[in-house]
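Chain residues, written in single-letter form:
2 protein chains.
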Amino acid sequence: MKRSHRLVALTNYFLTHPHELVQLSYFADKYTSSKSSISEDLTIIDHMFQQEGVGFLKRTSGATGGIRYIPLGAKDEIEKFIHELCDLLKDPERILPGGYLYMSDLLGNPGIMRKIGHVFATAFAHLDIDVIMTVATKGISLAHAVAYHLNKPVVTVRRDPKVTEGSSVSINYVSGSSRKIQTMVLPKRSLAEGANVCIVDDFMEAGGTINGMTSLLAEFNAQVKAIGVLAEADDEEDERVIEDYLSLVKITTVDVKNHYTKTIPGNLLPYLATKS
Amino acid sequence: MKRSHRLVALTNYFLTHPHELVQLSYFADKYTSSKSSISEDLTIIDHMFQQEGVGFLKRTSGATGGIRYIPLGAKDEIEKFIHELCDLLKDPERILPGGYLYMSDLLGNPGIMRKIGHVFATAFAHLDIDVIMTVATKGISLAHAVAYHLNKPVVTVRRDPKVTEGSSVSINYVSGSSRKIQTMVLPKRSLAEGANVCIVDDFMEAGGTINGMTSLLAEFNAQVKAIGVLAEADDEEDERVIEDYLSLVKITTVDVKNHYTKTIPGNLLPYLATKS
Numbered sequence: 001m002k003r004s005h006r007l008v009a010l011t012n013y014f015l016t017h018p019h020e021l022v023q024l025s026y027f028a029d030k031y032t033s034s035k036s037s038i039s040e041d042l043t044i045i046d047h048m049f050q051q052e053g054v055g056f057l058k059r060t061s062g063a064t065g066g067i068r069y070i071p072l073g074a075k076d077e078i079e080k081f082i083h084e085l086c087d088l089l090k091d092p093e094r095i096l097p098g099g100y101l102y103m104s105d106l107l108g109n110p111g112i113m114r115k116i117g118h119v120f121a122t123a124f125a126h127l128d129i130d131v132i133m134t135v136a137t138k139g140i141s142l143a144h145a146v147a148y149h150l151n152k153p154v155v156t157v158r159r160d161p162k163v164t165e166g167s168s169v170s171i172n173y174v175s176g177s178s179r180k181i182q183t184m185v186l187p188k189r190s191l192a193e194g195a196n197v198c199i200v201d202d203f204m205e206a207g208g209t210i211n212g213m214t215s216l217l218a219e220f221n222a223q224v225k226a227i228g229v230l231a232e233a234d235d236e237e238d239e240r241v242i243e244d245y246l247s248l249v250k251i252t253t254v255d256v257k258n259h260y261t262k263t264i265p266g267n268l269l270p271y272l273a274t275k276s
Numbered sequence: 001m002k003r004s005h006r007l008v009a010l011t012n013y014f015l016t017h018p019h020e021l022v023q024l025s026y027f028a029d030k031y032t033s034s035k036s037s038i039s040e041d042l043t044i045i046d047h048m049f050q051q052e053g054v055g056f057l058k059r060t061s062g063a064t065g066g067i068r069y070i071p072l073g074a075k076d077e078i079e080k081f082i083h084e085l086c087d088l089l090k091d092p093e094r095i096l097p098g099g100y101l102y103m104s105d106l107l108g109n110p111g112i113m114r115k116i117g118h119v120f121a122t123a124f125a126h127l128d129i130d131v132i133m134t135v136a137t138k139g140i141s142l143a144h145a146v147a148y149h150l151n152k153p154v155v156t157v158r159r160d161p162k163v164t165e166g167s168s169v170s171i172n173y174v175s176g177s178s179r180k181i182q183t184m185v186l187p188k189r190s191l192a193e194g195a196n197v198c199i200v201d202d203f204m205e206a207g208g209t210i211n212g213m214t215s216l217l218a219e220f221n222a223q224v225k226a227i228g229v230l231a232e233a234d235d236e237e238d239e240r241v242i243e244d245y246l247s248l249v250k251i252t253t254v255d256v257k258n259h260y261t262k263t264i265p266g267n268l269l270p271y272l273a274t275k276s
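Residue numbers (the numbering used here), protein chains in the order written: chain X, 1 to 276; chain E, 1 to 276.
No wet-lab data here; the hints were simulated from the structure.
You may find that some hints are simply not true.
[Unchecked claim] Subject to a maximum C-alpha distance of 30 Å in a straight line, what follows is the list of computed DSSO-like cross-link-like pairs (lysine-lysine):
{"id": "1", "chain 1": "E", "residue 1": "K115", "chain 2": "X", "residue 2": "K188"}
{"id": "2", "chain 1": "E", "residue 1": "K115", "chain 2": "X", "residue 2": "K225"}
{"id": "3", "chain 1": "X", "residue 1": "K162", "chain 2": "E", "residue 2": "K30"}
{"id": "4", "chain 1": "E", "residue 1": "K58", "chain 2": "X", "residue 2": "K162"}
{"id": "5", "chain 1": "E", "residue 1": "K35", "chain 2": "X", "residue 2": "K162"}
{"id": "6", "chain 1": "E", "residue 1": "K35", "chain 2": "X", "residue 2": "K115"}
{"id": "7", "chain 1": "E", "residue 1": "K75", "chain 2": "X", "residue 2": "K2"}
{"id": "8", "chain 1": "E", "residue 1": "K162", "chain 2": "X", "residue 2": "K188"}
{"id": "9", "chain 1": "E", "residue 1": "K188", "chain 2": "X", "residue 2": "K30"}
{"id": "10", "chain 1": "E", "residue 1": "K30", "chain 2": "X", "residue 2": "K75"}
{"id": "11", "chain 1": "X", "residue 1": "K35", "chain 2": "E", "residue 2": "K115"}
{"id": "12", "chain 1": "X", "residue 1": "K2", "chain 2": "E", "residue 2": "K188"}
{"id": "13", "chain 1": "E", "residue 1": "K162", "chain 2": "X", "residue 2": "K250"}
{"id": "14", "chain 1": "X", "residue 1": "K115", "chain 2": "E", "residue 2": "K188"}
{"id": "15", "chain 1": "E", "residue 1": "K35", "chain 2": "X", "residue 2": "K90"}
{"id": "16", "chain 1": "E", "residue 1": "K80", "chain 2": "X", "residue 2": "K30"}
{"id": "17", "chain 1": "E", "residue 1": "K75", "chain 2": "E", "residue 2": "K115"}
{"id": "18", "chain 1": "E", "residue 1": "K115", "chain 2": "E", "residue 2": "K35"}
{"id": "19", "chain 1": "E", "residue 1": "K58", "chain 2": "X", "residue 2": "K2"}
{"id": "20", "chain 1": "X", "residue 1": "K80", "chain 2": "E", "residue 2": "K30"}
[Unchecked claim] Ranges of calculated distance between the beta carbons of each label pair, as one might list FRET restraints:
{"id": "21", "chain 1": "X", "residue 1": "R159", "chain 2": "E", "residue 2": "T43", "range": "48 to 54 Å"}
{"id": "22", "chain 1": "X", "residue 1": "N172", "chain 2": "E", "residue 2": "P161", "range": "22 to 28 Å"}
{"id": "23", "chain 1": "X", "residue 1": "D29", "chain 2": "E", "residue 2": "F56", "range": "22 to 28 Å"}
{"id": "24", "chain 1": "X", "residue 1": "T32", "chain 2": "E", "residue 2": "K58", "range": "50 to 56 Å"}
{"id": "25", "chain 1": "E", "residue 1": "F56", "chain 2": "X", "residue 2": "N172", "range": "50 to 56 Å"}
{"id": "26", "chain 1": "X", "residue 1": "K162", "chain 2": "E", "residue 2": "D255", "range": "20 to 26 Å"}
{"id": "27", "chain 1": "E", "residue 1": "H259", "chain 2": "X", "residue 2": "G62", "range": "40 to 46 Å"}
Ideal Cβ positions, reconstructed from N, Cα and C, are used throughout, including at glycine.
The task is simple: from the sequences and hints, build the whole structure.
Structure follows, in structure tokens:
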């Protein structure tokens with residue numbers, strides 16, 4: 001097979017199998033090519049993935065060695081994208097009664113979700129994560145976008161148990177802002193004991209929901225390795241109940257009366273800047 | 001820029017922008033290459049996409065012409081994948097009290113969801129679809145997988161209205177199997193009047209939920225263009241309330257007592273066979 005044809009096939013393979021180890025010999029057999037030819041292909045793909053802000057190919061040597069595609073966005077493109085998100089979210093048409101912002105169009109947009117998933121996968125690329133966890137309903141698309149780029153499964157916490165998910169573990173927690181007692185449940189078989197978990201959600205106020213999820217994880221002896229939210233409210237910072245999280249956007253003002261919203265980049269951008 | 005480098009960049013572009021029209025001149029400018037060179041690149045990519053069962057590049061000529069990547073799986077690979085799904089679903093460990101099957105692991109698996117999304121996008125590639133609709137919670141990952149490959153937004157129907165989604169349209173409907181009256185709501189601003197809708201769900205018994213969604217769509221003067229479900233129960237066929245749908249898997253028997261499930265491919269496979 002010609003190099004030009006192999007490059008298309010290999011690029012497709014890597015993009016659809018992020019973070020997955022594959023042997024050089026797998027491609028050599030599949031495309032009846034020498035390992036040295038494949039190795040040269042990989043150098044070209046690695047170069048272009050870096051140039052296009054897609055990621056890079058990580059080679060490991062030895063008996064269990066191989067190649068992995070690690071999604072990793074370019075910092076300038078991530079910065080540009082986060083500013084675009086800030087602009088999208090500050091549109092006054094999003095303001096709802098009570099000072100909430102309508103975000104369902106963004107959470108339902110596959111192109112935007114793909115980019116957000118890629119950004120969080122960039123921030124969490126070095127972490128040892130087994131599973132992405134979110135709470136129904138609005139965090140689900142975000143969790144799947146992150147899961148796609150980290151190539152890990154999603155588990156979904158619910159507000160009430162469902163017959164189609166078997167026996168569940170349930171906890172009560174105090175919602176951060178309203179101080180109400182709420183319940184969340186996770187099917188027993190959806191999470192292995194001791195798993196390393198990345199929590200993802202669309203929106204965070206004081207952090208009560210995410211705090212609830214960490215309490216639920218304790219029941220599974222699972223560890224929270226990372227927390228990522230699309231948007232956080234700024235005005236709750238004094239009473240924030242969680243600390244280690246990354247946000248794309250911070251909503252600093254929602255003025256219902258004057259029909260005005262102010263947004264700034266969240267703490268993910270400065271976090272990425274420290275990791276050069 | 002060298003052809004080998006361009007091929008990697010172009011392949012990445014198409015795979016992340018399915019069904020999106022792009023001009024030859026966009027690539028010619030971006031990679032400072034002649035249109036004829038880009039055109040030759042596209043011939044190579046089209047050839048490999050077809051050979052690998054990814055899809056094809058569709059060229060349209062004229063002033064508004066350009067190129068689109070259309071995801072389209074190879075029939076033999078789709079058949080193989082659907083048989084794998086049948087095997088996964090018939091695992092007796094999935095049987096829950098009441099004869100339900102645990103499927104959350106599949107719905108949370110990004111690789112399996114990507115493949116299922118690609119299969120439905122293959123079946124629906126020729127349809128004029130504006131939006132993918134599903135009902136919370138379990139259909140959401142499936143809807144987003146289909147939406148990604150058709151490059152259309154997802155709207156999510158809920159059981160009860162939420163303050164963060166603004167004013168909603170609500171309907172009552174009769175659930176097919178239990179004959180209970182239930183409610184579903186859709187935020188007003190999430191769906192444009194007269195939209196062409198593809199309904200997606202994880203599981204269908206008699207079809208009452210999907211029937212409810214079509215009633216809800218009538219309130220928006222929207223048309224149902226396609227219906228896709230991951231699995232359907234066979235034993236409800238006599239009283240099925242919807243007809244035009246495609247399923248990947250048909251669950252013909254769930255025998256709780258003898259710990260035994262039987263699954264066969266659904267009607268999507270024979271449907272694809274008629275479309276050669």
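Legend entry - 30 Å limit on alpha-carbon distance, applied to hinted pair K35/E and K115/X: holds (28 Å)
Inset, instruction - Would you check the hint for K115/E and K188/X, treating anything up to 30 Å between C-alpha atoms as holding? - result: Holds, at roughly 26 Å.
Inset, instruction - Verify the proposed pairing of K162/X with K30/E, using a straight-line Cα cut of 30 Å. - result: violated (51 Å)
Legend entry - Hinted pair K80/X and K30/E, Cα distance within 30 Å: Judged against 30 Å, a Cα distance of about 18 Å means the pair holds.
Inset, instruction - For the pair we were handed, K115/E and K35/E, check the Cα-Cα distance against 30 Å. - result: violated (33 Å)
Legend entry - Pair hint K30/E and K75/X, alpha-carbon separation not exceeding 30 Å: holds (20 Å)
Legend entry - 30 Å limit on alpha-carbon distance, applied to hinted pair K75/E and K2/X: holds (25 Å)
Inset, instruction - Would you mind confirming whether the straight-line C-alpha gap from K115/E to K225/X stays at or under 30 Å? - result: At roughly 28 Å apart (the allowed maximum being 30 Å), K225/X and K115/E satisfy the hint.
Inset, instruction - With 22 to 28 Å as the target window, see if D29/X and F56/E comply at their CB atoms. - result: holds (26 Å)
Legend entry - 30 Å Cα cutoff - pair K58/E, K162/X: Answer violated: K58/E to K162/X is near 44 Å, above 30 Å.
Legend entry - Holds or violated: K162/E to K188/X, with C-alpha atoms at most 30 Å apart: holds (27 Å)
Inset, instruction - Using the beta carbons of H259/E and G62/X, state whether their distance is inside 40 to 46 Å or not. - result: holds (44 Å)
Comparing the model with each numbered hint stated earlier shows that hints 3, 4, 5, 9, 12, 15, 18, 24 do not hold.
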